[in-house]
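**Student:** The lines below spell out each chain.
Number of protein chains: 4
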Amino acid sequence: MYNFKNDYAEGAHPRILDKLAETNFEQQLGYGEDNYSLEAKFILKEKIGCKGASVFFLTGGTQTNLIVVSALLRPHEAVISVSSGHIQANEAGAIEATGHRIITVEGENGKVTPSDIQQVLDTHTLRPHVVKPKLVYISNATELGTYYAKHELQSLANICRKNRLYLYMDGARLGNALTAKDSDTSFEDIAQLTDVFYIGGTKNGALLGEAVVFTIPQLAQDFDYILKQRGALLAKGRILGIQFLELFKDGLYFELAKMANDNASEIADAIRKLGYTFLTDAGTNQIFPILSTSIIESLSKKYAFYVWKKININQAAIRLITSWATEQHVVDAFISDLEKAHAGIEIY
Amino acid sequence: MYNFKNDYAEGAHPRILDKLAETNFEQQLGYGEDNYSLEAKFILKEKIGCKGASVFFLTGGTQTNLIVVSALLRPHEAVISVSSGHIQANEAGAIEATGHRIITVEGENGKVTPSDIQQVLDTHTLRPHVVKPKLVYISNATELGTYYAKHELQSLANICRKNRLYLYMDGARLGNALTAKDSDTSFEDIAQLTDVFYIGGTKNGALLGEAVVFTIPQLAQDFDYILKQRGALLAKGRILGIQFLELFKDGLYFELAKMANDNASEIADAIRKLGYTFLTDAGTNQIFPILSTSIIESLSKKYAFYVWKKININQAAIRLITSWATEQHVVDAFISDLEKAHAGIEIY
Amino acid sequence: MYNFKNDYAEGAHPRILDKLAETNFEQQLGYGEDNYSLEAKFILKEKIGCKGASVFFLTGGTQTNLIVVSALLRPHEAVISVSSGHIQANEAGAIEATGHRIITVEGENGKVTPSDIQQVLDTHTLRPHVVKPKLVYISNATELGTYYAKHELQSLANICRKNRLYLYMDGARLGNALTAKDSDTSFEDIAQLTDVFYIGGTKNGALLGEAVVFTIPQLAQDFDYILKQRGALLAKGRILGIQFLELFKDGLYFELAKMANDNASEIADAIRKLGYTFLTDAGTNQIFPILSTSIIESLSKKYAFYVWKKININQAAIRLITSWATEQHVVDAFISDLEKAHAGIEIY
Amino acid sequence: MYNFKNDYAEGAHPRILDKLAETNFEQQLGYGEDNYSLEAKFILKEKIGCKGASVFFLTGGTQTNLIVVSALLRPHEAVISVSSGHIQANEAGAIEATGHRIITVEGENGKVTPSDIQQVLDTHTLRPHVVKPKLVYISNATELGTYYAKHELQSLANICRKNRLYLYMDGARLGNALTAKDSDTSFEDIAQLTDVFYIGGTKNGALLGEAVVFTIPQLAQDFDYILKQRGALLAKGRILGIQFLELFKDGLYFELAKMANDNASEIADAIRKLGYTFLTDAGTNQIFPILSTSIIESLSKKYAFYVWKKININQAAIRLITSWATEQHVVDAFISDLEKAHAGIEIY
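Residue numbers (full-length UniProt numbering), protein chains in the order written: chain A, 1 to 348; chain B, 1 to 348; chain C, 1 to 348; chain D, 1 to 348.
FYI, nobody ran anything at the bench for these hints, they're computed from the structure. Don't take each hint at face value.
Identical copies carry no separate label here, and so any pair may be met within one copy or between two of them.
[Claimed, not checked] Under the rule of at most 20 Å between Cα atoms (straight-line distance), these lysine to any residue pairs were calculated in the SDA-like manner:
id: 1; residue 1: Lys132; residue 2: Thr104
id: 2; residue 1: Lys132; residue 2: Arg74
id: 3; residue 1: Lys301; residue 2: Gln119
id: 4; residue 1: Lys19; residue 2: Gly30
id: 5; residue 1: Lys310; residue 2: Val120
id: 6; residue 1: Lys181; residue 2: Leu279
id: 7; residue 1: Lys5; residue 2: Gly30
id: 8; residue 1: Lys132; residue 2: Ser83
id: 9; residue 1: Lys132; residue 2: Leu219
id: 10; residue 1: Lys258; residue 2: Phe187
id: 11; residue 1: Lys47; residue 2: Phe187
id: 12; residue 1: Lys310; residue 2: Thr125
id: 13; residue 1: Lys134; residue 2: Arg74
id: 14; residue 1: Lys134; residue 2: Gln218
id: 15; residue 1: Lys302; residue 2: Gln328
id: 16; residue 1: Lys301; residue 2: Leu29
id: 17; residue 1: Lys51; residue 2: Ile345
id: 18; residue 1: Lys301; residue 2: Ser336
id: 19; residue 1: Lys51; residue 2: Phe278
On a predicted model such as this, the values are computed, not experimentally measured, just so you know.
Okay, chain A solo, but in the shape it has when bound:
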């Protein structure tokens, strides 16, 4: 049984484990003051072309989202997100637990649009009886496998700046977004167009770890305190620093993301060739093909995946997620099994 349910079913890229072993007995300072964390931050700031940025390493996405929101917002300020956004759909009320409302908008293909934001602003004017929209949360890549084009990010940045809203990008799968085949957005663009974003390690080669980047350093003021207060400051911060250093000292991070995308792309092409359509025009390592229930049943015998959405009595969209660790022979086998199932041949 092969698991296409997520991109965190395996451990870390071997280079990371090797580096952890190699440096294991060096004494390093705790709490992120170690040499590896410092070097990793330096390199990250160079790569995004923003040497004045402030970078922090945390251990997971939910943790990062809740601490960023908690650090940036005053009690009455609220977050805007699409309904499918991770903070709304998958984080057990983490944002509300820090005291803030999420105002949900419909979006398009998992993406927030400027008109979504405008509508929220227009309907939140009866001060002080309503919350004050203050931060726009976007995921890139989104939870539907889509990603933002550069002009889309520019439009969002424009409306946010005009209305003094923070633009915050959840980059749990940022690598996948930036290496998508038709992506026109660079790492530097992300830094220029958002106020805060995070670079996901867990879903792209690391054991764990996310790097938050405040491109406006004033926004990071006292972030260290809040990070500690919420239990996110690792004593052995080196294990995050070492991982991000290994991922970014050359191009490993983006190589891994591209491998994950290519795996998905190869599967998607095969599906398309068989005449099937998709729920979203994804482009990254998450694809949502619409298949017949009998084919879904067949594939379920050998592959684990989520049935995402019922389309009608005979069809449903499933979600397949690939990663850097998905091997070519798995991709080949899946395509072959799909073709068999399509042809009505039993698979096992």
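Dock chains B, C and D against the given chain A, drawing on the hints supplied.
**Tutor:** This is chains B, C and D only, laid out in the frame that chain A set:
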């Protein structure tokens, strides 16, 4: 320069790194549902003699403390702790950030006493104008290197049960407490005498990780939700499961703790032999010798440590922390250098 | 200019002011221990037929809602409400500020339906990644002027009990709901069908004040602490006790509510007679007639009210709220002015 | 039985009740937009000599304290207070419930000293493991009946400004502080020396109500939202506006406070004349005479008061609180009864 400032300056015990590498490409379920986490929990429950317990893995001590308190207490309920307790002294207000007051007591040698508790109960009666004491927080080993004798824990358990207070033990250094030379307390005793406790991994051989144990499973009801909500649920939960499995499948955890204690003990004996006294009668891997400022200055050239407390103009107590990773030659060198400094010989 | 914008534009019913003056120089205990509060609670419990209930007096609706939710829910538990519910639409994120998500449902005519609740339960199963629905919030009368029929409340109570959800009624306008012309629900019914509800004073004759009733006293455990902690415990609790005693020692509370309803009803009848329709089939003291923009403009010269919803380019629904303090001559004048405006005659 | 336990045992000054009745049927805007609130704010700003100030009306002291702290502090910032401060001793953990620690200092006679503050700053440097002191809370008059001299406030203001700490004054009994016999501080001084303060109505003539004054209007930014979110915005805000207008349109507020002080002073003089001493050198409407237990027992038959502190087996300090509503004949009777008890004559 050797660092005696803490017990998290190195990485993990090599067996842990090996196991992470060995299992790296296995696909496992996320969020702590992996086989390693399940097996580690099973073994832990056996070892504490409490098969009905509920066990959860988290990434750090502050995180664990704040989530346990948050899960157990209603808004008006408060925590009792000594002033030197980690939650009061070193966690950036994490407990208050979850909405709860810490009522501090003086304690003795870093330990809460039954009379401390009684006094808090006696002075918190003017309902509803005061907070309601509900949870007693103790660290074992304490922040002053001391540990609780069995009869002390029994007394605390008694007064807590009588007054419907939870007894919660922060076991960041539980291994050190249980393997202290004169300790009469077993792992099973801890489970029987506390309502909740955690077993620290970070400071005893792991890269990161703490295991929370609810000995009364009802207290753990819905703990998974709260853990997720606070950002403590790792996607790759396997990395915690694998570490705890490795530490507990045989006696590694306690071996490492004993090594740390022995290292401290050897240094303490040498210090005592030279005629110096200690701030506390520690017994674990943290010792607080009182030395002259000139000796402190000399040692500072080759060793990093905290000056803990000024005693008078000529003397101060320093804190030395050893770990499983402190090698014998370092212990020997330190003792030799101390003897030199004591004899007025310059060290370098 | 007469104000139909709300039902709190005047002070209190004169009997209340008289009673405050009459008892002014008596010394009474503070913090709700005064004789008047005790007597008012006793009478309320009698009137709802639930002598075991626990009753508390607070100063306003938002305060009451946030404290009840805060007292009943654990951190990961969430509230279900219609989008038009006061907690969602008008309370500046008060519920989220206590740490809890509001899951919004569409409802019908401002009312939650059992199928709304079922749908929320069905879509919140992916534990622990989602919040746990735990409390159903309903307003009665609703923000759209409608009220719950007895069978509707019974259905809600059934699904809530079956799924261990609390049913909480915001009764800011409970008097208006129970005295609506076709209402088949009694005060006792409310106590039997909800777990907690509050009886609004502010909008029905009091200067300020709401009475929270826990029909299951265990749910009120330690509520006094939380009420104090949130700043809701008045030093001079007598001023709430005196008002509720005056409102409930005879039938004043329901008389005032009925007066408000009758005023609205008279206006609604006149509007209907002129051929206009309504946005909702209200029945209480809030009505939402759909008028032409030119008539709305005419009426605006002499009357203040909210334009609630644009219907089309020529029509909009306005909201008119009456109260016990709306005098007959105002009702008559408004109807007369409306008839003039309808006939194209200018009003002034 | 006469109650000396507090200064809120009676209702309001009759002029306030009269004004509420007189204005009762006027329609006014809700939520503090009424004419009376606006006028009261205007007058207050004139009287404190700070026309740029921002003023808000709330209903009680605990509510005011928690909302001010909540509005001013970021999550990791803490409050400094003496142990006897109302927020620490009597508010059920309200400050911690907003997420902030109170760092307690010993103080002198219930007052914070600059050296207290310096010591807190000196011991909170290990960023980010400690909280960040940010707001100094002082009560004036204090909970021990004492008040701040002008030079004391100046010293506090100096150290606060130097260290970017907010100076916040809880003025539940501000009137009593400013009208104390030897007070050298004016209403204007308070506005100049603090960043935020509140003027207590409840304990000085009002039914309920406190006026918060932000002397630096930027600090009040969005305070209205937070006030609403915490349930402190009264629908009928007029009842607060009318009361403060009545108290401040002439000198009523300070007259009432002086009456309370004079009553206490007369009793204190009589006690002193009999040879007794006091726990604190109070000066306002709270006095703490040290009496023999037999005299305390005698007085308890006719007067209610708190026994504040045991001095030894035969003596205790009691707390007597007078108010504007304490009549001369009560003062006379108490003194006469005390003289009898002192002479060993039974009182009844």
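**Student:** Does each hint hold? Answer for all of them.
**Tutor:** Results for each hint:
In this assembly of identical chains, Lys132 and Thr104 lie within 20 Å of each other by CA distance both inside one copy and across copies; the values are 14 Å within and 18 Å between. For the homomeric pair Lys132 and Arg74, the shortest alpha-carbon distances inside one copy (10 Å) and between copies (17 Å) are both at most 20 Å. In this homomeric assembly, Lys301 and Gln119 never come within 20 Å of each other (Cα to Cα): the closest approach is 46 Å inside a single copy and 30 Å across copies. When the C-alpha separation of Lys19 and Gly30 is checked against a cutoff of 20 Å, the pair qualifies only within one copy, where the shortest distance is 18 Å, while the shortest distance between copies is 24 Å.
Taking the shortest alpha-carbon separations for Lys310 and Val120, only the inter-copy value of 17 Å comes in at or below 20 Å, while the best intra-copy value is 30 Å. When the C-alpha separation of Lys181 and Leu279 is checked against a cutoff of 20 Å, the pair qualifies only within one copy, where the shortest distance is 19 Å, while the shortest distance between copies is 51 Å. For the identical chains of this complex, Lys5 and Gly30 are inter-copy neighbours only, at 10 Å across copies versus 35 Å inside a copy, given an alpha-carbon limit of 20 Å. When the C-alpha separation of Lys132 and Ser83 is checked against a cutoff of 20 Å, the pair qualifies both within a copy, at 19 Å, and between copies, at 17 Å.
In this assembly of identical chains, Lys132 and Leu219 lie within 20 Å of each other by CA distance both inside one copy and across copies; the values are 18 Å within and 17 Å between. With identical chains, the CA atoms of Lys258 and Phe187 are at most 20 Å apart within one copy only, with a shortest distance of 14 Å there and 48 Å across copies. In this assembly of identical chains, Lys47 and Phe187 lie within 20 Å of each other by CA distance solely inside one copy; the values are 7 Å within and 50 Å between copies. Taking the closest pair of Cα atoms, Lys310 and Thr125 come within 20 Å of each other only across two copies (17 Å); inside a single copy the shortest separation is 38 Å, beyond that limit.
In the homo-oligomer, the alpha carbons of Lys134 and Arg74 lie at most 20 Å apart both inside one protomer (9 Å) and across protomers (16 Å), since each shortest distance falls under that limit. In this assembly of identical chains, Lys134 and Gln218 lie within 20 Å of each other by CA distance both inside one copy and across copies; the values are 16 Å within and 18 Å between. Within a single copy, Lys302 and Gln328 get their C-alpha atoms as close as 16 Å, which meets the 20 Å cut-off; across copies the closest is 53 Å, which misses it. Taking CA atoms no more than 20 Å apart as the test, Lys301 paired with Leu29 passes between copies only; the shortest distance there is 17 Å, against 49 Å inside one copy.
Neither within a single protomer nor between protomers do Lys51 and Ile345 lie at most 20 Å apart by alpha-carbon distance, with minima of 58 Å and 48 Å respectively. Proximity of Lys301 to Ser336 under the C-alpha cut-off of 20 Å is restricted to the intra-copy arrangement: shortest distance 14 Å within a copy versus 67 Å between copies. Taking the closest pair of Cα atoms, Lys51 and Phe278 never come within 20 Å of each other, the shortest separation being 41 Å inside a single copy and 48 Å across copies.
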